[in-house]
Every structure is written in C-alpha cells, then in structure tokens.
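> Listed below are the residues making up each chain.
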Amino acid sequence: MSTLGSAAVPQPAAALPDAVVAARDPLPRRPKGKGGITATVVLAVAAVLWISPLVLLLITSFRPLADFIASGPLTWPKEFTWANFADAWSVGNFATTYRNSAILLLLKVPIGVLLSAMLAYALSKLRIRFRRTIMFTVFLGLTIPIYITIVPVFIMLRSMGITDNLLGLVGPYLAFGIPFEVLVLQSFFRQLPDELIEAAKIDGAGEWRIFFTLILPLSLPALVTVAILDAVSTWNEFLFALIVLNSDQSKTIPVGLLNFQGQFANNNTGLAAGILIAVVPILLAYVVLQRWIVGGLTAGATKG
Amino acid sequence: MASTAATAVVTRARPASVRKKKRHGGFKPWLFALPALAVYLAFLVYPAFSSLFFSLTDWDGLSPAYNIVGLDNYTAMVDDPVVVRAAINNMIWTVVTIVVPVVLGLALAVTLNGKVRGKPVLRMLFYTPGVLPLVAVASIWGWLYNPDYGAVNEFLRAVGLGGLAQSWLGQNSTALAAVMVPAIWLRTGFPMLLYLAALQGIPHDQYEAATMDGATRSQQFWHITMPNLRPAHYIVLALSLIDSFKVFDLIYATTYGGPGSATQVMGTWMYFNVFQYYQAGYGTAIAVVITVVAIAVSIPYVLSQTKEHDS
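Keeping their order, the protein sequence lines are chains W and V.
Sequential numbering of the first sequence, starting at 706, is according to this note's numbering.
Sequential numbering of the second sequence, starting at 22, is according to this note's numbering.
Chain V extracted, bound-state conformation (with noise of 0.2 angstroms):
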C-alpha cells in the first residue's frame, strides 16, 4: 500500500521520465482487459490453434473417433488438383483485385481532387458498393450475367456484339473473371477515400512552387503526388492484402467455386471438404495453410501498428 501510494506521487511528480521506466500498473488494468481477451482468445485464438491440431489428423467432422495422421493431409494437398488450381487462383485474385481497383481508386482520387463539382455526391456513389453485403453483390452480378435475360448480354446485343453474348459465370473461360469484376466494382471505393483523404493533406504551396518553376501536370504527379501518398500507399496496399486473403462470399454466392473447379480459392474448397465432403481434417489443412500465408505476408504491417503506438 505504501509503495503504492509512493509511486503514485512521483509519477504525479515526474510523469514524464517515470513513465519511461517500466512501470505498469499492477492488476487493475487487467480488470478492463480481461473481458476482451477472454472472448478473443476463447473465439479466435484458441479456434485457430485447434485447427492446427486437426488439420493433423484424418477427423470427417462428424464422428467421435479421429486418427492423428501427421502431415499426410498437407501432403496430400500437393496432389489435390483443386488445391493447385485454388492456389492459383488465390494469386491472380490477389493481383487483380489489388491492382485495378487501387489504380483506378488513384485516378479517380486524383481527378475529384481537382476542380470538380459536386464531390461529395460523386464520392459517395463511387463509395456505394463497398458498403453492400457481399452476398448481395453476387446476387446482382448474377443477375446482370444472366446468359438470356442477363442486363451484360443484353447490352452486347444492342451493341451489335451479340456474338460475344455468353454465359460468363458457367464456363471455365470466363467465369474467374467474371467474378473478378464485381469484386473490382467494390473494392474500388476503399482505396479512393484513402488516398482522396491523403491528396488532402498535401500542401499546396508545393503545386504552387512547381507551378512557377514551369512543371507540368504529370511531372507534378510524379514529383509532388506519388511521394507524398506514400503512406498512404502502404496503407492501401497492407489491407488490400489482407483482405484479398479472406476471399469466400463472393465465390460462393456466385459461383461455388464452379464449373467443375474454375473458381475455387482455397476459402471455399475448404469449405467444400469440411462441411459436404466430411473431410474437417483436410479442409482445416488447407485453412491453416493459407493462414500462415497471409499472417506471414502481414507481419511488417502488424508490427508496424504494434510500434506505432508504442511511443
């Protein structure tokens, strides 16, 4: 108690240089911490390492009774056709839905920074599909993909281009990227604000400069633009990676990983193998492996919040 009390007073004292030491504050932050921590570690963290363990054996998800069967389920997935093609999969999902959307997100940021009209309102409809419910997004594109009465069809007929009228979502051809494009037309919107908020706080005394200096608009781009966003470009980048990662609802609801695998991402075959082909020890493999992918790839940007608001 007298230490306690003790402490209290130089802290009041000399907050700033004790503060520095490592002083914590013995249990009662623990009171405020616990409820938190406890529902994350007993929902996502203690889930996640259980997976593990099951991914090591050869559980169908239904029965009391498993084997452990080491790694056998991750070397099997070598061999998995489907888990080839799901990889692959993944990786062009992970370059396209980043790249289109932040370049054209950049161009439009760019273009209603200037001198436009009515901003908030062009914002906002660019910003629209991104508050959808995914599932809703997939039932639109169905909708608009329709291969008779489909709106995307339709206008090829009007076009004189009825020749290329297909069924986008029901052929191995087409159907990744007719995918794509609804996930484009959402995730076009986040990286917009991002770096429409971030083209704010670029002083513009230094468009000023370059002006009188006689740069032209592109070299302004490239000069002032490009190296004042780079947080933002960061920012952008980490969570569309994130996100990439977590690819699932829209496949699914779209698609289901379908024709035959065109589709399929590791989120959804895994799905598939845990809850209609009763492999859980399979399925959470092939969780864990993209997992660990995308923890590792994630890493520096978790680290770099972690410092961040360490100071």
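Chain W with its partners taken away, still in its complex shape (with noise of 0.2 angstroms):
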C-alpha cells in the first residue's frame, strides 16, 4: 500500500497447505448467462475515463513539443515521433536510476522475504516464548510512518559511512517490509498441518532442513505473494530514498523523476515521456502479475 503502495493487508484465506493462496481469485472469468449491457457500458466508460490520464500521458509522449503547443492536450498529435523517449531517458539519467532500483530490489526482496519466512515460522510453529508480544510488537510496525525513524536512521547510517549509498536503504527498507510479510506468512504456515512437520522429525529431520525442504516449498505461493507485493513497494519507495541519496549516481527511480520533474517542467512532451519511462516497467509487472497481486491484496477480506 502504501504506499502500496502502502498498502499493508491481513492474512490470507488459504485453509490448506497446498491451496494456491494468491491465484486464488475469487472472480469467476465468465458472467453469469447472458445481459448486464447497461452496468457494462457504463463501467467501461468510467474505467476509461479513470485510465484517461495515463491515455493522455500516451498520447503526449509521442507527440512534437511544437504539435502540442500549437494545437494543445485534448487534440489528436499530427504526427508521432519517439524524439521525447530519448531525450528523457538521457536527460533523466534514467540508465543509472533503472539499474539503481533493480539492484536495490534484487538485495531486499529477497533477504526481506527469507527473514520474514523464518520468524513467521518461529511463531506460527516453534512455540516460541513472548510470542504474542513479539506478535503485537511486530504488527504495531505496520502502523509507524516511516517518518518517525528518519533522523535517527540517517544518524546511523552516517556514522557507518553509508549515506548516498544504496546499501543505507536496505536496514530501513526490511525493517518497515518485516511487519507486512510476517503478518501474511505466519498466518499461511499456521494452516500447514503439523502431521507434516512430526512426520518429518521422525525421520531425523532438523527444524532447519524441515523449514527449507518441507515448509518453504509448500508456502510457494505465499511466499511468490510476499514477495512481489513487497518488490512493489520497494521500487516505489521515495522518503528514505530522497533522504538517504544525494547524487545522481546513487538516485532510485521515484528520486531521479521528481529531479527530472523540475528540470523538464516546460518540455510536456518529454515530462510525459519521462514518466512514462519511470512506470512502464511497474505497470508491466501488474499486468502480468495480476492475479496474484489481487490475490495477495484481498486475502483478508476473503476469510469473512
């Protein structure tokens, strides 16, 4: 959510280990018989209307400043060029915040979600002690705005010599993703039958080597859940970030566009084309990853 960007959400519904949790969608594909004409046209006519920004946003990136100016936003472009997608992908820097961003999200999600996944485990099946004041604990961070960590965070990270550096982001970073993941992922492994853990310790198994062979690979899609939800917020993440980097080499995607914003505020068509370079990969991954986005998303809601 958030930010979600931000959005933090409860638990999933699965109720048994091998249910998909995420691609469980509860929308059925086909409507039900025929008609519905009237809600149809009328939502598709406010679906597109609520997109129409980013149709705009479209539209303008492949037009000439000159045909814009002339003519105007609402307008048809007169001719098309893609003269506006290299003038901000170099002006924007966008080659150094692209990789910036991708090698943040490949260091935290990852980490982020293994973390998560072995305290989850700790309590929903270890019977740790304090546990529900460890619970309580944890589950207050979803309710912390990250801004009341910032000065003493970029105190830390100073004194450890990581400021501008893309490594101070990712202490901050899993400690505000842990309370969201552990939330989701306990919740999945508590409905793991404990039949499956007994059996495997009766087979000589370790806890570890049962948490890695046997509880990981079942909560897949849990985990697939966690962690692309958990990537999209880590990629859209702007106030550590904004605080944290100073030079262009070092700038994350949602930095380097609000410093593009500025300097390209009287070129639309290339502010527009600029955007549009700094979300097509986000949009992309939604509409491939749908499913278990939704999924991810509603799980609370679900359980009734």
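Derived by calculation from the structure, the hints in this document are not laboratory data.
C-beta atoms are modelled at their ideal positions from N, C-alpha and C, and glycine is treated no differently.
One thing to keep in mind: the hints can contain errors.
Selected chain W positions facing chain V (Cβ under 8 angstroms, derived; list incomplete) [said to hold, decoys possible]:
| # | residue |
| --- | --- |
| 1 | 775 |
| 2 | 794 |
| 3 | 843 |
| 4 | 852 |
| 5 | 879 |
| 6 | 943 |
| 7 | 967 |
| 8 | 989 |
| 9 | 993 |
| 10 | 1002 |
Simulated restraints on C-beta separations [what the hints assert, rightly or not]:
| # | chain 1 | residue 1 | chain 2 | residue 2 | range |
| --- | --- | --- | --- | --- | --- |
| 11 | V | 231 | W | 742 | 23 to 33 angstroms |
| 12 | V | 179 | W | 863 | 25 to 35 angstroms |
| 13 | V | 83 | W | 744 | 58 to 68 angstroms |
| 14 | V | 258 | W | 863 | 20 to 30 angstroms |
| 15 | W | 775 | V | 70 | 36 to 46 angstroms |
| 16 | V | 314 | W | 744 | 23 to 33 angstroms |
| 17 | V | 176 | W | 744 | 41 to 51 angstroms |
| 18 | W | 775 | V | 241 | 46 to 56 angstroms |
| 19 | W | 899 | V | 313 | 38 to 48 angstroms |
| 20 | V | 51 | W | 863 | 30 to 40 angstroms |
| 21 | V | 142 | W | 863 | 40 to 50 angstroms |
The task is to assemble the complex, starting from two chains supplied on their own in separate frames and drawing on the hints.
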C-alpha cells in the first residue's frame, strides 16, 4: 500500500497447505448468463475516464512539443515521434536510476522474504516464548509512519559511512517490510498440518531442514505473493531514498523522477515521456502478475 | 536432554492438550526469529524511541552538541501556525481520502459483482493507479494541472467553462482539494478489490430467498450485502486510516506543502524542519505527535490481528 503502496494487508484465507493462496482469485471468469449490457457500458466508460490521465500521457509522449503547444493537450497528434523518449532517457539519467532500483530490489526482496519467513515460522510452528508480545510488537510496525525513524536512521547511516549509498536503504526497507510479510506468512504457515512436521522429525530431519525443504516449498504461493507486493513497495519507496541518496549516481527511480520533473517543467511532451519511462516496468509487472497482486491484497477480506 | 526427549514423546502422543499448556520450544525458535527481530529492532524500534529522545532536545541535526529542553518543542507546536494548519490538513486529508475512495470503491465493487462483461479487465483498470509510484502520480497530476498547457484547464475551456480555468495547485483556495484528487484516484482501487473479494463470499441463496420474498434491490443491499460486508468494512477502514497518517510523498512531490502552507501536513512539515530549517529536535517532536496518534487509533486493529492468530 502504501504506499502500496503502502497497502498493508491481513492474513490470507488459505485453508489447506496446497491451496494456492495468491492465485485463488475469487472473480468468476465468465459472466453468469447474458445481459448486463447497461452496467457493462457504464463501467467501461467509467474505467476509460479513470485511466484517461495515463492514456493522455501516452499520446502526448509520442507527439512533437511544437504540435502539443500549437494544438493543445486534448487533440489528436498530427505526427508521432520517438524523440521525446530519447531526450527524457538521457536527461533523466534513467539508465542509472533503473540500475539502482533494480539492484536494490534484488538485494532487499529475497533477504526480506527469507528473514520474515524464518520469524513467521518461529511464531507459527515453533512455540517460541513471548509469542504474543513479539507478534504485537511486530504488527505494530504496520502502523508506524516511516518518518518517525528518519533522523536516527540518518545518523546511524552516517556513522556507518553509508549515506548516499544504496546499501544504506536496505536496513530501513527490511525493517518496514517485515511486519506485513510476517503477518501474511505466519498465518499461511499456521495452516500447514503439524503432522507433516512431526513426520519429518520422526524421519530425523532438523528444524532447519524442515524449514527449507518442507515449509518453504509448500508455501511457495504465499512467498511469491509477499515477494511481489514487497517488490512493488520497494520499487516505489520515496522518503528514505530522498533523504539518504544525494548524488545522481545513487538515485532510485522515484527520486530521479522528482529531479526530472523539475528540469522538464516546460517541456510537456518530454515530461510525459519521462513519467512513462519511470512507470512502464511497474505497469507491465502489474498486468502480468495481476492475479498474484489482487490475490495477495484481498487475502484478508475473503476470510469473512 | 532426557526431559526434552520426554516432552517430545508426550507432544507426539497428545498434541492437542499439551500444546495448550505454556510449553515453549527452548532456544531453537530464537535462531529463526532473531535475524528479523534484530533488523526490526535496529531500524524501526530503536530509531522510533531515539526520536522520542531527540524531540526533547534543541538539536539542529548537524552540530555534535545539543541541550535537553524538556517539553519545549511540544509547547512550541501549539504556537506554530503551520503545525495548526498541518494538523487540520491531516484531518481533512484523513476524512476525505478515506470516505470518498471507500464509497466509490464499494459502488464499483457492487456494480462489478453484478452481471457485467469483462470483469477482470475492468477491475484491473480501476486498480491501475494504485501500483504507480506516488512520485509518478504527483508528476502526472502536476502535468494535468499545468495552468497553461494542462489537460484540466484545457478541458474546461473546451466545454465552455474557461472561466473556471485556474492555477489549481498554485493558489490557497484550491491546492488542498487539488492534491486530494490524485489521492482519491490512486486509493479507490484498494477498497474496490477488498469489497469485490468479500462480495464473492456472500452465499447466493441469501439473495435468491430475498428475491422470492419480494425484497427490492436496495432492501437487498442494506439488509444482505452491507451486514455481510462488516468484516471487510473493518479491514478497509483500519488499513485506510493507518495509510492516511503516512501521507508525505504525494504532497511533497506536487506542492512541497505550498503555496504558503496551504497543503502542509505533519509529515512534510516535519521534513522541512529537519532538513531545511535545521530544527531536528522540533521536527522529530512533530513526528512523535503524529506517530502517537497513529498508533493510538490503530491499536484495536493490531490487537485483533494478534488475537486472531493466537487461537
């Protein structure tokens, strides 16, 4: 949510270990019977209006600036060009910000999911002491605004010498991702039958082996869902990146885009192209992974 | 060793009853728990408490020295007109960006749940703004609101309402409303998804029975749909409330809290105090206040999540 971006979400509703929590999309694929033409038309018009800012952005990004200024934003372009993208790509430093965002994502998401899964396992299956206290403390993290921590974290990173460095973001990002990931994963692990674990123990497997060879493979759908939602919020995070990253060399896409927005204030078509460059990966990922994202976000509501 | 083995045997023999007793698994679970807990404590819990301390100082954020000033920062907030403005804006923001998206999201979900074609595509389109980076949303709307070349004013001129064309983000009277529109745009999808999922779970025979009894559409909505959606309402409202306290990105990237302090919220005002006016002590005090409020209103939700998973 929150920003998923930020959207933080309660437990998945899976009842069985092999239930596909994320891909369990409650929406029926086919409409029941015929009819519903009026509702369909009304909703389709509303949907087009809803995404019209993005459509307008797309059209504008392909037209020459002169044409845009002469004819206004709401007209169909007289000609099309790729030039805006070339301009925006080089001026916006997107090669660097793309690389930085990708590195951060690849570094942060796997570590975050693994650590969260371990904690979730301890909370759901290992009868850890102070379980309720730990759960309450960790879940409370869902509610804490990120900006309460920025001053101390900044001091911490400065003393470690990792300001203006992507590595400086990993710790805070992990900490703010853990509450949601643990919430989802521990409730998924809880659904796994204890008998499986007991059987593995009888066969002589230790806790770690059970965790890595039994629990994690069985929980793959939940892990993927959590990883995708975590990746979206990591890719989109702005405040910490704004504070920690100063030089152009270390900026991520959201901070780079803010910079770019200032530089291209008077170049409407270039600005449109730059915004599109910044959001195309996340839009493509959303379209492809839609069922996982929707399944993960709605997991809490289906439980009733 | 012997006792551990005995416990294990007992556990295997009578799992249900033994588990109810307060038996814990020794130090092993901590090996799994500690890495995540360490990160969480180091980068979230410790900094949060650390901020509590800084809020009692006059630290500027740069120099090594500072004095403890007690509650001065907190009393100063009362006299700071921008804090008052920001607190009011936070409240307006909370109400508007919860009520409007929830009502719109519910309406969309109920309509989508009826006889409609192309549901997956429609649902996908309505949620699309929700996955965008907030900075990109801010850029898009800044671009739409552009006084000279923006689509919003151009549209007004095209339909003969050119007199209404104005600098939406640039004047006190409209700036806050203009920033809330993109917030509504990106936040409507989430309640829609949750309500839609919850609606799928309502047994269809309830509606069939009501139809046989001659209940109208609106009677069915108020007496079947709404009561069935109660758990979804709770989750939607709790998560929206938590989310609304975190507002920063969208306002920072569209208006920087301006013009003047027209769109300032606690999060942005905190940021400006710390990083531009070098009043780290005062800035963290602002952050402490909003965090305490956020935690206080969210504790019922957190408790419910903890309890639910503890049975």
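> All hints are to be evaluated individually against the structure, with a verdict given for each.
Going down the list of hints, with the structure as the test:
| no. | hint | verdict |
| --- | --- | --- |
| 1 | 775 | violated (11 angstroms) |
| 2 | 794 | violated (16 angstroms) |
| 3 | 843 | holds (6 angstroms) |
| 4 | 852 | holds (5 angstroms) |
| 5 | 879 | holds (5 angstroms) |
| 6 | 943 | holds (5 angstroms) |
| 7 | 967 | violated (10 angstroms) |
| 8 | 989 | violated (11 angstroms) |
| 9 | 993 | violated (11 angstroms) |
| 10 | 1002 | holds (5 angstroms) |
| 11 | V/231 to W/742: 23 to 33 angstroms | holds (24 angstroms) |
| 12 | V/179 to W/863: 25 to 35 angstroms | violated (53 angstroms) |
| 13 | V/83 to W/744: 58 to 68 angstroms | holds (60 angstroms) |
| 14 | V/258 to W/863: 20 to 30 angstroms | violated (39 angstroms) |
| 15 | W/775 to V/70: 36 to 46 angstroms | violated (59 angstroms) |
| 16 | V/314 to W/744: 23 to 33 angstroms | violated (41 angstroms) |
| 17 | V/176 to W/744: 41 to 51 angstroms | violated (26 angstroms) |
| 18 | W/775 to V/241: 46 to 56 angstroms | holds (54 angstroms) |
| 19 | W/899 to V/313: 38 to 48 angstroms | holds (40 angstroms) |
| 20 | V/51 to W/863: 30 to 40 angstroms | holds (31 angstroms) |
| 21 | V/142 to W/863: 40 to 50 angstroms | holds (49 angstroms) |
Hints 1, 2, 7, 8, 9, 12, 14, 15, 16, 17, counting from the list given before, are not met by this structure.
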